Amino acid sequence: MTDWPRPVRTALRLCLASFCWLTAAYAFVVSSAFAYLQFVRPRVFPWIGQFSDWHSVLCLVWMLLAVVAVWPDIRRRSPAGPLAIAFVVASGAATLWNYARPVLPGLTDGDRSIIVGVAALVPLVWLAAIDYLNARSYLSGQRAPQNEIESAEFEGRLFIVSVGSAVFVTILYAMLASIPLAGAFEPDLRLAGIADSVFKSLVGHLIVFAAAFLLFAVLVRVARGRFVLQLAATILVLLTASSLAFATLVGDALSMHGAAGAVAAIATASSIVGVWIGLRLRTLQLENAKLQSALDLLWGSKTNSRASTILRVVAVAVLAYGLMLLSALADWDFVLLEAGVLVVWCCSFGVVYRATSWQRAVSHGVVAATCLSPLAVAFVTGQGPPPAAVGPAPVDRTARYAIYNPSFRVVSQLLRDSRTTIPSFDRYLVANTGLTALHVDPIDIDFVPKLEPTARPKPHIFLFVIDSLRPDYLSPYNRQVRFTPRIAEFAAESIVFANAFTRFGGTGLSVPAMWAGSSIVHKQYVQPFHPMNALEKLLDANGYRKILGLDSIMSQLLIRSNAIEELDRGRTNMDFEICRTLDELDSKLQGIGSTPVFAYSLPQDIHMSRLPRTVEHGEEYRSFYAPYATKVHAFDACFGRFIDGLKRRGQFDRSLVVVTADHGEMLGEDGRFGHSYHLFPQVVQVPLIIHFPASIADAVDADAVSLTTDITPTIYAALGYEPVQANDLMGRPLIGADDRVSTARRRDTYVIAASYGAVYAVLRHNGRRLYIADAIKGGDQAYERDNTGRWHDVGITEGLRVVNQFAIRQYVDKIARIYGIGAR
Amino acid sequence: MKRFALLVALLVVYGAFFGQWIVSGGPERLDPVGPHARQIELAIAEGRFTDALPIARELGDYRREPLLAYWLAIIYRGLNRPGDEAEAWERFIELGRNQAEACPQLAQAYARLGDSAKVLPAYERCASFDPTEPERLIDLGDAYQQAGQPREALGTFQRAATLDPANLVIGRRIERLAPVRPEKP
Chain A
1 MTDWPRPVRT ALRLCLASFC WLTAAYAFVV SSAFAYLQFV RPRVFPWIGQ FSDWHSVLCL
61 VWMLLAVVAV WPDIRRRSPA GPLAIAFVVA SGAATLWNYA RPVLPGLTDG DRSIIVGVAA
121 LVPLVWLAAI DYLNARSYLS GQRAPQNEIE SAEFEGRLFI VSVGSAVFVT ILYAMLASIP
181 LAGAFEPDLR LAGIADSVFK SLVGHLIVFA AAFLLFAVLV RVARGRFVLQ LAATILVLLT
241 ASSLAFATLV GDALSMHGAA GAVAAIATAS SIVGVWIGLR LRTLQLENAK LQSALDLLWG
301 SKTNSRASTI LRVVAVAVLA YGLMLLSALA DWDFVLLEAG VLVVWCCSFG VVYRATSWQR
361 AVSHGVVAAT CLSPLAVAFV TGQGPPPAAV GPAPVDRTAR YAIYNPSFRV VSQLLRDSRT
421 TIPSFDRYLV ANTGLTALHV DPIDIDFVPK LEPTARPKPH IFLFVIDSLR PDYLSPYNRQ
481 VRFTPRIAEF AAESIVFANA FTRFGGTGLS VPAMWAGSSI VHKQYVQPFH PMNALEKLLD
541 ANGYRKILGL DSIMSQLLIR SNAIEELDRG RTNMDFEICR TLDELDSKLQ GIGSTPVFAY
601 SLPQDIHMSR LPRTVEHGEE YRSFYAPYAT KVHAFDACFG RFIDGLKRRG QFDRSLVVVT
661 ADHGEMLGED GRFGHSYHLF PQVVQVPLII HFPASIADAV DADAVSLTTD ITPTIYAALG
721 YEPVQANDLM GRPLIGADDR VSTARRRDTY VIAASYGAVY AVLRHNGRRL YIADAIKGGD
781 QAYERDNTGR WHDVGITEGL RVVNQFAIRQ YVDKIARIYG IGAR
Chain B
825 MKRFALLVAL LVVYGAFFGQ WIVSGGPERL DPVGPHARQI ELAIAEGRFT DALPIARELG
885 DYRREPLLAY WLAIIYRGLN RPGDEAEAWE RFIELGRNQA EACPQLAQAY ARLGDSAKVL
945 PAYERCASFD PTEPERLIDL GDAYQQAGQP REALGTFQRA ATLDPANLVI GRRIERLAPV
1005 RPEKP
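These protein sequences, in sequence, are chains A and B.
Position 689 of the first sequence, counted from 1, bears residue number 689 in our numbering, the numbering being contiguous throughout.
Position 96 of the second sequence, counted from 1, bears residue number 920 in our numbering, the numbering being contiguous throughout.
In isolation and in its complexed conformation, chain B is listed as follows:
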């Protein structure tokens, strides 16, 4: 009987393993196509951000889910609440380990917030995280220009041009800044 119990116990463990309950940590995941999720995403798609916000807040049990932070960031952007938006993007980056997708959005939220002390460092962080992405350097160059640092802007655009020589947008930016001479390194 002992042996039978051992075999059954082992079989249950294997069933659990193949059933993925142990590995996935149980059924506590936020279902991206569950009823609440569908309501939120349809509201976002239709621009009904005020409708989406309370539904998203109801899902507080899933605060460790990056999807919730992502929804909230988009909703706050739709509601023009850049402070909350920036907070949600920070949380999304922390939970989702995804700088590439969220970093520029975070910097834009700081820019909308008027938090100039955070804008440049945020764009610099994006560019350093994604050094081969010319679009991040364009953002950074634009931020330098906004901050009244045209030399840094020109240097950044020129770096971007080395990554993407055929990029017309970069070319035009450099043209506009042609009278400015970059600082020597």
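So that you can see chain A by itself, here it is in the shape it has in the complex:
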């Protein structure tokens, strides 16, 4: 036996690789503070925790398979034998170490997890090195294009393949995009709009594939006649491209920046390229196949079989569509979708490469014209004459097409005009965001200089922060909603703040900021938090009995004492369900004495990770996202029961009840789900309904902008205090509005930040205009809300960018100044 049969060998290698990639993926995900704190630690997806728990045992199985995989190299004393033995020894030692002291369960957010992830990929690169050493003599026997004629002929084939791949990918994705487009209302994407978009898609793909052609063609020329050199250069190009793709798609999404992020990108790219080339090398070596170029090694030699070509085309189409469907089911900010596009590009190139029998030179003129003309078209369409000197910039309507055509989306991002982003500004935002490693001392956030107990009657206070609740799924905000009758009843006896926004996208900072009544430094978390916790200070000063759901965030920030009565004790945050919580609270409220009560909970019923996969699409959920709407419907009934209880006991008129959310949610708008790094209108708008005790009848401007950080000062005002803003990061009371305060609330500029990444938004014009600066993805976006409440994207002018980016810098600098940390 010289080696295992091909299927066994391939299966073994893929098993080993999959385990290493899963381990690395786990470690990379954990390295992100957001993912670790919000998903991994609370075990939102139990199987992730189970993988970590069982990893050390699974490692033993992996080790066994690894020995089986390299056994032929050890047994037949191949050139790579010593390296294979070293691999077994090193892997064995690492496996035993991991078994004795399991690494994965102990990982937390930070660079150490990235290092562990990189270490998990080393075996794959090692195995690739073994493959290369074994195949060295085979490779040295290969013959690359030797002279001008052979080089020109090879370039001719490469040229045809590149152009063919561009056309193939354009057609493939145009066909796939037509499936979801068929049922969508897209007035800009009628026949002319689609034709324009497909043309732009073709131009973009031609540029991408022509760039690949030029790169490979130059490499082939440089390495003329030296096959190994050509292979090395090709691997280098692939590694660079894969590393950049990983850094852009995955690294940015997980906030893996700097040296650690670069090492992770290179290690991942090396492991992917290593496995790919290693498997191919083994196969070709055993077949003793003749190679014309390094590309043959990657994609195989040309084939004359039409049937196999058709089969491959179908397979690529199925892969592309499957990835689109998979991404629609579960994706993280399009990482899967966009990575899938890159895989499909690679496969498409391979299919066309193998199917192309052309082996003649192409003239200079054709090459130059084909390469330059798409550039010229892109240059002209991207750089066209500026719009009129006054007025908003036009919106590129073909951008809507990118929502349906993922390949066009990736191409558009690659070719995006640099003027839409200023890299130094993005770097500035990244440097001033997520200051986990920086020591920051707490500041005092006080709305009242010397806080004494109020002389007014103290109402019971109930603060319900429903994670991810959108206002347009509640009937007080949207007349089309028929499934929240109890909240509608409650709203009729309360004040509905129609124009409410969160101060932070994402729970991580939104909830602490709500308690603080102020925008806070971008750090999870400043400790001790108590000096900043204006709400807790108010409750303590007034002797409130605290009945709290200690979620994963507030449990770190509140002063732990026996005075806190815990709701949902023993449950993880993700298991906080409003019906159960309210029942428990209701029972605690029965027979309470004269002590005022403060109750708080952060129910997770409609968090994206808790939504049912399938629901009955009842009539009343039409035009809504049914899995979400059905959960909203369910908690509406429970909430109504709770309010009934308050009324029955005569407590309702003596209570201040706040229903709000920490942030909104993307529910499929433009194909997006979730809220992690998003600050789109659907994420920053929140419901805010406050029932005040009957004794409070202050003036309210319910249509002016209100923020979640205004809740705490509003509670102060409701208790009879006159809260003072020491700076404009602090909230304002929403009651007792005079013209001056109302006008300020309507005209001020508000900066909103994502909790988990360098994405900032500026809210202006009484919440009608939203400008988003996304330093993670790069590129800014602007939205405007019309009088019907619908948001539209608007073009970005230089002036718009200047004004809004200036506002963000002023905000970041102000935070740095107030917290005494200095802007980075």
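Mixed in with the good hints, there may be bad ones.
Said to hold, decoys possible - On the chain B side, residues computed to face chain A include the following (Cβ under 7 angstroms):
| hint | residue |
| --- | --- |
| 1 | Leu830 |
| 2 | Leu834 |
| 3 | Tyr838 |
| 4 | Asp855 |
| 5 | Pro856 |
| 6 | Val857 |
| 7 | Ala869 |
| 8 | Leu891 |
| 9 | Gly920 |
| 10 | Arg921 |
| 11 | Glu925 |
| 12 | Ala990 |
| 13 | Leu992 |
| 14 | Arg996 |
Quick caveat, the hints were computed from the structure, so don't treat them as lab data.
Owing to the predicted nature of the structure, the values given are computational and were not obtained by experimental measurement.
Each residue gets a CB set at the ideal place from its N, CA and C atoms; glycine is no exception.
The hints should help you fit chain B onto chain A, whose structure is shown.
For chain B alone, coordinates are given in the frame of chain A:
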């Protein structure tokens, strides 16, 4: 050799395209977080407008940059130089193609300048540019009142009220002008 030269030349063009040097027009942009920019913006944030002005003037090479015009407008407002401020806002509007953000500021600068001939047209321009924005109509109504034209003011506030019926500020303005009957159109 010719072919190799052609391929390399094309590759360079592509490198330039992807590197964005051609598209962005080179590295001549004013860096919003460069050392000068940081000094100016920190001085503005701390109200040290006299310190900010000379640094901003040093950046004369970037006079086509709307950011510079924006800084200058804010600095001149801080220094209470409404004439220079108005000029800077005009320039910002021209370079930045942004009426919505700068138009009211320009009108306010004219008002501070006491240039009554320009104040009303400026507010009218803001309102016509941003016809669905009630705050622009409130500004215009206030300007009419200042100019002693209460009927026009009332009509403008009533227009604003149709856009934003729940706006308490507009309601109070209309209440105050209730004795005035608007002119028939």
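Verification of the supplied hints:
A hinted interface residue such as Leu830 of chain B counts as satisfied when its beta carbon comes closer than 7 angstroms to some beta carbon of chain A; here the least separation is about 6 angstroms, so the hint holds. Given hint, Leu834 of chain B at the interface with chain A, holds; its Cβ is 5 angstroms from that chain's nearest Cβ, closer than 7 angstroms. For Tyr838 of chain B, the shortest C-beta to C-beta distance to chain A is roughly 5 angstroms, which falls under 7 angstroms, so the interface hint holds. With a cut of 7 angstroms, the hint placing Asp855 of chain B at the interface with chain A holds, because the nearest CB-to-CB distance is about 5 angstroms.
The interface hint given for Pro856 of chain B is met, as the beta carbon of that residue sits about 5 angstroms from the closest beta carbon of chain A, less than 7 angstroms. The closest approach between the C-beta of Val857 of chain B and any C-beta of chain A is roughly 4 angstroms, which is under the 7 angstroms cut-off, so the hint is satisfied. Residue-level restraint check for Ala869 of chain B holds (minimum Cβ-Cβ distance to chain A is 6 angstroms; threshold 7 angstroms). A distance limit of 7 angstroms between C-beta atoms decides the matter here; for Leu891 of chain B the minimum to chain A is near 5 angstroms, and the interface restraint holds.
The interface hint given for Gly920 of chain B is met, as the beta carbon of that residue sits about 2 angstroms from the closest beta carbon of chain A, less than 7 angstroms. For Arg921 of chain B, the interface hint holds, since its Cβ comes within 7 angstroms of a Cβ in chain A; the closest pair sits about 4 angstroms apart. A cut of 7 angstroms between beta carbons decides the hint on Glu925 of chain B: the least distance to chain A is about 4 angstroms, and the hint holds. Taken as an interface hint, Ala990 of chain B checks out: its beta carbon lies about 4 angstroms from the nearest beta carbon of chain A, inside 7 angstroms.
Taking 7 angstroms as the C-beta contact cut-off toward chain A, the hint placing Leu992 of chain B at the interface holds, the least distance being around 5 angstroms. A distance limit of 7 angstroms between C-beta atoms decides the matter here; for Arg996 of chain B the minimum to chain A is near 6 angstroms, and the interface restraint holds.
Consistency with the previously given hints is maintained throughout, with no hint failing.
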